[in-house]
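Taken in sequence, the protein lines are chains A and B. Take 1 as the starting number for the first sequence in this note's numbering and just add one per residue. Take 1 as the starting number for the second sequence in this note's numbering and just add one per residue.
Rather than coming from a laboratory, the hints here were simulated on the basis of the structure.
Since the list can't tell identical chains apart, any single copy or any two copies may satisfy a pair.
In silico lysine to aspartate or glutamate, EDC-like type, Cα no more than 20 Å apart, as pairs:
(1) Lys362 to Glu5
(2) Lys282 to Glu116
(3) Lys282 to Glu6
(4) Lys362 to Glu400
(5) Lys149 to Asp370
(6) Lys265 to Glu116
Protein chains: 2
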Amino acid sequence: MISVEEAQRRVIKGALSKPLTPVIVSLEESLGRVLAEPIVSDLDSPPFDNSSMDGFAVQAKSVAGARPDHPVPLDVVATISAGHPVPDSLTRLDQCYRIMTGAPVPRDVDAVVQVEWTEKDPRHPSRVLIKRPVEPGLNIRRQGADMAKGDTILRSGTRITPAIIGIAATLGRTSLPVYPAPRVAIISTGDEIVEPSEQPGPGQIRNSNAYALYAAVAEAGGQPVLMAHAPDHLQTIVERLDQAAQYELILSSGGVSVGDFDLVKTALDQHGTLDFWRVNVKPGKPIAYGHYRHTPFFGLPGNPVSALITFELFVRPVIRQLQGDSRWRRLMVVLPLMQDFTEVSDRRHYVRCRIEYDGSGKAGIVPSPDQGSAIQTSWLDATALMMVPENTGPLLAGTEVSVMVLRP
Amino acid sequence: MISVEEAQRRVIKGALSKPLTPVIVSLEESLGRVLAEPIVSDLDSPPFDNSSMDGFAVQAKSVAGARPDHPVPLDVVATISAGHPVPDSLTRLDQCYRIMTGAPVPRDVDAVVQVEWTEKDPRHPSRVLIKRPVEPGLNIRRQGADMAKGDTILRSGTRITPAIIGIAATLGRTSLPVYPAPRVAIISTGDEIVEPSEQPGPGQIRNSNAYALYAAVAEAGGQPVLMAHAPDHLQTIVERLDQAAQYELILSSGGVSVGDFDLVKTALDQHGTLDFWRVNVKPGKPIAYGHYRHTPFFGLPGNPVSALITFELFVRPVIRQLQGDSRWRRLMVVLPLMQDFTEVSDRRHYVRCRIEYDGSGKAGIVPSPDQGSAIQTSWLDATALMMVPENTGPLLAGTEVSVMVLRP
Chain A
1 MISVEEAQRR
11 VIKGALSKPL
21 TPVIVSLEES
31 LGRVLAEPIV
41 SDLDSPPFDN
51 SSMDGFAVQA
61 KSVAGARPDH
71 PVPLDVVATI
81 SAGHPVPDSL
91 TRLDQCYRIM
101 TGAPVPRDVD
111 AVVQVEWTEK
121 DPRHPSRVLI
131 KRPVEPGLNI
141 RRQGADMAKG
151 DTILRSGTRI
161 TPAIIGIAAT
171 LGRTSLPVYP
181 APRVAIISTG
191 DEIVEPSEQP
201 GPGQIRNSNA
211 YALYAAVAEA
221 GGQPVLMAHA
231 PDHLQTIVER
241 LDQAAQYELI
251 LSSGGVSVGD
261 FDLVKTALDQ
271 HGTLDFWRVN
281 VKPGKPIAYG
291 HYRHTPFFGL
301 PGNPVSALIT
311 FELFVRPVIR
321 QLQGDSRWRR
331 LMVVLPLMQD
341 FTEVSDRRHY
351 VRCRIEYDGS
361 GKAGIVPSPD
371 QGSAIQTSWL
381 DATALMMVPE
391 NTGPLLAGTE
401 VSVMVLRP
Chain B
1 MISVEEAQRR
11 VIKGALSKPL
21 TPVIVSLEES
31 LGRVLAEPIV
41 SDLDSPPFDN
51 SSMDGFAVQA
61 KSVAGARPDH
71 PVPLDVVATI
81 SAGHPVPDSL
91 TRLDQCYRIM
101 TGAPVPRDVD
111 AVVQVEWTEK
121 DPRHPSRVLI
131 KRPVEPGLNI
141 RRQGADMAKG
151 DTILRSGTRI
161 TPAIIGIAAT
171 LGRTSLPVYP
181 APRVAIISTG
191 DEIVEPSEQP
201 GPGQIRNSNA
211 YALYAAVAEA
221 GGQPVLMAHA
231 PDHLQTIVER
241 LDQAAQYELI
251 LSSGGVSVGD
261 FDLVKTALDQ
271 HGTLDFWRVN
281 VKPGKPIAYG
291 HYRHTPFFGL
301 PGNPVSALIT
311 FELFVRPVIR
321 QLQGDSRWRR
331 LMVVLPLMQD
341 FTEVSDRRHY
351 VRCRIEYDGS
361 GKAGIVPSPD
371 QGSAIQTSWL
381 DATALMMVPE
391 NTGPLLAGTE
401 VSVMVLRP
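Using the sequences and the hints given, assemble the complete structure.
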């Protein structure tokens, strides 16, 4: 039985050997995808020295003696607003420009005094009173301070956020080369399964894994493809897998334990290769990984909770890596338990939990009440997974624990 | 100038007064939306007592004396697999059933011995050797232990995750009543702005806010509607706003400062109401909120960084609340600074930062190098915002700081 880390290492290695061909998408469609090429700046940004404030563009030396009770009067010779031609026409030290945020700073001044440090001259409408001295460079954003022409600004492998889209737009991009969403075939198995639209008969339960996994694939950035449900019949399972092998990844749920009816494993034995089928993790020990024909394959447990936790630990990393994103690890933080957690397991335990705040606003961990692997309602308020190492515990309230954040 | 908390209180109050009419969407389309009605269970789940293991279903008392070196032999009278009829036919204490994970547990047994605690009887193919005693109830999942018929399982206002979709499928739902994505009109303003496809002339910059805000609205669960760019011309701005007022929310960027050309504010003064237009926050002090005609309106700063931070603090909460999600607050954690942060501001400062791990795996905070409000590249590796209270600092490495997590 291998560790979670060893299993992750192996599945990521598999994903790295199957890079997807980049595609070009519009800026609007690129959110959440991963850049497939570096992006180089075609200009300086800002493209020119500009004012970060509304105020008055001055020569710093001309207001060196300014004080609130002894302001320096300057003549305003022009107003400079963003997007309009820039004058360059001061002839005397006691002159200045009115300037707006974002407007270019003329060459003959070296600082901007913000409006708040000035006053209108009650006697001269075209004159302003400057009440404080300024350092040269004050309130001026220098050309190229953010991005310089020719620099590589965005690395290949960058996940595209709203801010990254803003940068790409500044750099003149209306489309971006990204890795496509890997198509992920989902096969649920088991004679006991009926569809959600049906009323379960004796011994039957409704199919929840297919729909939960569909959503999990979409949330991870994959393109889910729902296959027809497969009963416990080897030939049907092989047919489904053959059809699924055209996509980038296959997920099945159920049929990978040690039971006599675990035919998915049999199909893999016949037409594929199995890399591992047990991981030292709870819930989810029976998790199979290998290739069906030449397509990477995960056999997830049939229990709905185990299916989603093994998805989180092993499948999501693969879906992210297939998209070119090597930063697939979730945020891990250390927080105190807000109540005792007494369950001890001989496997690494991922405990559904929520992050709560105490009266003083300090965050802590509250595990969901029932951690049974068939208890779907244990997810209801869960936003994180607490990681309890094997043979550890009982953990008392106040113990600091490692937590994997699923939702911020 | 009001506080961040007061501004959030006011904008949320506005959102609460504008509830959207729920719509019905398929299970597959419901991911990330918010439930508009409670969901009641139509059955017990599990619907019947079933086995959580592959093994042998026995009467506990019949194996009370079992030991590894002195196993109890039992005759296997039938095999029970998931989804098939259940026998109920033990006639003697030394009989048992072979049972598969998920299969119904017959009434005449009270425990399941997992395969690992048994051995085949080498002399009798239809006999199994039980090597350990078991408690009644072992490895049996009881009917209704997860969800009981008639119980309200999902509350209205629940954000729909993959696990929630699994629960809904178990409860027989193929579609769900959810709040629709609020339509958010986006108007960029300013004479200095050209489109990304254009080469900026002297004094011009490319439009990045419209595209970054488009993505931010989509990420928050809204439906972005990009309006044509508006130059600094009052009549055009009023036309754009009139058109935008048909949607659920209006965002503009630029034109809300104290400059003479801040015409968005003028348009609001004429045709709407302004609730606030300054918040004690850095970056982003000039952030306007009010109503244009009867539609909620945000005037965001023109600086790209300020626009996205004020979006995060004020607009995202409104978009989430309009979707029925009152749990819009981001996860806040306390982590140590990994380097000094010396900037001190008289406003509440939200500092772009990333969460890093030291050699021992402990998480800490690294602020982006340049926190200027025009420095778009400061977002490149940022996954969180560090919150520095007003007039606080300089903060030395090791200081514990509050951090708002943007991406897990």
